[in-house]
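Starting from the known structure of chain A, arrange chains B, C and D on it as the hints suggest.
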Amino acid sequence: MSIKVRYFASLKESVGRSEDELQITYPLTVHAVWQQLNPDFAMPDAVLAAVNMDYVALDVLVLDGDVLAFFPPVTGG
Amino acid sequence: MSIKVRYFASLKESVGRSEDELQITYPLTVHAVWQQLNPDFAMPDAVLAAVNMDYVALDVLVLDGDVLAFFPPVTGG
Amino acid sequence: MYWHFFRRLPEVDVLIRLCEAAVDPWQEIASYQAGLAKLAGKYGATSVFVGSMRDFNQGDDVRSMFLEHYPGMTEKQLQHIVEQAQEQWPILESLVIHRVGLVKPEDVLVVVAVWSAQRGDAFDASRFIMENLKSRAPFWKKEVLASGAERWVEKNTDGYQHQPS
Amino acid sequence: MYWHFFRRLPEVDVLIRLCEAAVDPWQEIASYQAGLAKLAGKYGATSVFVGSMRDFNQGDDVRSMFLEHYPGMTEKQLQHIVEQAQEQWPILESLVIHRVGLVKPEDVLVVVAVWSAQRGDAFDASRFIMENLKSRAPFWKKEVLASGAERWVEKNTDGYQHQPS
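Protein chains in written order, with our numbering: chain A, 1 to 77; chain B, 1 to 77; chain C, 1 to 165; chain D, 1 to 165.
Bear in mind the hints are in silico, worked out from the structure with no lab data behind them.
Please note that the accuracy of each hint is not assured.
Here are the simulated DSS-like pairs of lysine-lysine, each with C-alpha atoms no more than 25 angstroms apart in a straight line [to be verified]:
(1) C:Lys76 <-> C:Lys142
(2) D:Lys142 <-> C:Lys42
(3) C:Lys142 <-> D:Lys142
Pulled out of the complex, with its shape left as it was, chain A reads as follows (with noise of 0.2 angstroms):
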């Protein structure tokens, strides 16, 4: 199973990449994913997660084909 995993803003010079992508055997949740791409950076408390452009709460499955987006708090308007 493939998933693609983005990073958008703050978030994105934290980890230092803009993109992963990961390959599973087996279901992971969102959280589980962060820590497998980033083991030396654990998850700031404020992330927001989507999966295919949708909010998502942490504890969500990902599946083969989705795209998680991680970003931190919004400030548009």
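Coordinates of chains B, C and D only, in the frame set by chain A:
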């Protein structure tokens, strides 16, 4: 003492006049002015009154030189 | 009889205008805002309400409408309403335009615009001005229906009700 | 994993636009409204909010700002927000414009306009859209200060707080 009285909108049509001039020898309340000028037409419940272009209660006394206005509920905007 | 305690109001500009001719609200706001050079970069929020005449009311087609008002008192009350808004919210500038006289469906009847640093203040103040205008500014509408019959609009519908004060 | 129950929404138009170039909000609204011929005489209320860039924030002079966003998700979330507004208030038409990319002080950042028959609905819906945009649309601001230093804006100030949903 002389006071000027004005009527607006539907009330002007009901009383059949747009203005009255009233000579009085002692202070009258707003309500008493109406009664003197319109003895056969009880003041409608919803009537609003203004003295010198500020809203007033019906028991306020009208003074020499005041301009008193009667009108129905406002419907602008 | 009763005492008025006058209070100095902060120096805030407001333009209040009664207008017999048709109003283009967006052009009016753009022009007015172009004159706010001293506030450029200071306001982060502009809240605008535009009320326009519908071609129906209470189930009837409306052909035209006459907007009567009480000259002098209208301006005084609108000024008072805007000053009350200025006391409650840190607004930088306001604009109030109201049509008077004969109006047709689709015509703009009223424009309220408020500029402030933060959006919450602009939202709150513009709504306050509009609701108070509806309940306290001495305007009266007389409709001419499609049938040719005329009728006074007897009350404003809607949300907020404020007593004259 | 979880079920989506799709609901048919009433047929209401909305234009959502992300814009890299400078926005003239009054011209945009005037143009958009000119295209609403089918609604002429039906709407009695237009409520507009315009957010613009101030030249100061948190006590510092700000020289410019970069607005990053998540292409695709931004449009999806804005559409969703407007649909939620349409479910709650009988609005006839909406317009949402948001700047992206490099912006300067005094530039317009966001425009929200709502047309409805009655004013209460336009007021409520425009504020709902604006507040939800602030908390749910994936935009992020990075400021360049007068000193040349750059900083991410970490949170939106203000009144309403909504959880992402």
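Here is how each hint holds up against the structure:
A distance of roughly 23 angstroms separates the Cα atoms of Lys76 of chain C and Lys142 of chain C; the hinted pair therefore holds under the 25 angstroms criterion. At roughly 19 angstroms between alpha-carbon atoms, Lys142 of chain D and Lys42 of chain C fall within 25 angstroms of each other, so this suggested pair holds. Between Lys142 of chain C and Lys142 of chain D the CA atoms are separated by roughly 54 angstroms; this puts the pair beyond 25 angstroms, and the hint is violated.
Comparing the model with each earlier hint shows a violation of hint 3 alone; every other hint is respected.
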